[in-house]
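Per numbering that gives the first Met the number 0, the sequence shown starts with residue 0, numbered consecutively.
None of these hints come from the bench; they were simulated from the model.
Only a predicted model underlies this, so the values are computations on that prediction, with no experimental measurement involved.
Honestly, I wouldn't trust all of these hints.
What the hints assert, rightly or not - Computed spacing ranges between beta-carbons, pair by pair:
hint	residue 1	residue 2	range
1	60	39	14 to 24 Å
2	55	21	29 to 39 Å
3	36	59	14 to 24 Å
4	18	54	17 to 27 Å
5	22	55	27 to 37 Å
6	44	13	12 to 22 Å
7	51	26	26 to 36 Å
8	21	50	25 to 35 Å
9	22	49	30 to 40 Å
10	18	49	28 to 38 Å
To be verified - Derived lysine-lysine pairs resembling DSS-like cross-links, with alpha carbons at most 25 Å apart:
hint	residue 1	residue 2
11	3	59
12	3	39
13	66	43
14	39	24
15	66	30
16	66	24
The C-beta atom is built at its ideal place from N, Cα and C for all residues, glycine as well.
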Amino acid sequence: MPSKHCCYGECKSDSRYPERFPGVKFFLIPKPLNRLEETKEWIKACGRPHDQLNPERITKHHYVCSK
Numbered sequence: 000m001p002s003k004h005c006c007y008g009e010c011k012s013d014s015r016y017p018e019r020f021p022g023v024k025f026f027l028i029p030k031p032l033n034r035l036e037e038t039k040e041w042i043k044a045c046g047r048p049h050d051q052l053n054p055e056r057i058t059k060h061h062y063v064c065s066k
């Protein structure tokens, strides 16, 4: 199973260390190809600079955690 890392702000949640983050779930950011407006809302909520996180950079490996 691939590891998941939260891309929200400065969050350090990582699925490789479940003992550090008990009960944390990871949610896939919607893909811009199908749901561009929803993707933009998720990116804005993450609070990351545009050069770090934007619709062009979203892949199947971008997650936000439940913390």
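These are the hints, each one checked on the structure:
One distance hint, 14 to 24 Å for the beta-carbon pair residue 60 and residue 39, holds here, with the actual separation near 18 Å. Between residue 55 and residue 21, the C-beta spacing of about 34 Å keeps the proposed range 29 to 39 Å intact. Between residue 36 and residue 59 the beta carbon distance is about 19 Å. The supplied range of 14 to 24 Å therefore holds. Checked against the given bound of 17 to 27 Å, the beta carbons of residue 18 and residue 54, roughly 34 Å apart, lie outside it.
The hinted window of 27 to 37 Å between residue 22 and residue 55 holds, with their beta carbons roughly 33 Å apart. Distance hint check: the CB atoms of residue 44 and residue 13 are about 20 Å apart, consistent with the given range 12 to 22 Å. Judged by the Cβ atoms, the range 26 to 36 Å given for residue 51 and residue 26 is violated: they are separated by roughly 19 Å. Taken as a hint, the range 25 to 35 Å holds for the pair residue 21 and residue 50, whose Cβ atoms sit roughly 33 Å apart.
Checked against the given bound of 30 to 40 Å, the beta carbons of residue 22 and residue 49, roughly 32 Å apart, stay inside it. Between residue 18 and residue 49 the beta carbons are some 34 Å apart, a value that agrees with the proposed interval 28 to 38 Å. With a C-alpha separation of about 10 Å, the suggested pairing of residue 3 with residue 59 holds against the 25 Å cut-off. For the suggested pair residue 3 and residue 39, the alpha carbons sit about 20 Å apart, so the restraint of at most 25 Å is met.
Pair hint residue 66 plus residue 43 holds up; C-alpha atoms about 17 Å apart against a cutoff of 25 Å. Distance hint between residue 39 and residue 24 is fulfilled; the C-alpha atoms sit about 21 Å from each other, no more than 25 Å. Restraint check for residue 66 and residue 30: the C-alpha separation of about 22 Å stays at or below 25 Å, so the hint holds. For the hint pairing residue 66 with residue 24, the CA-to-CA distance comes to about 8 Å; that is within 25 Å, so the pair holds.
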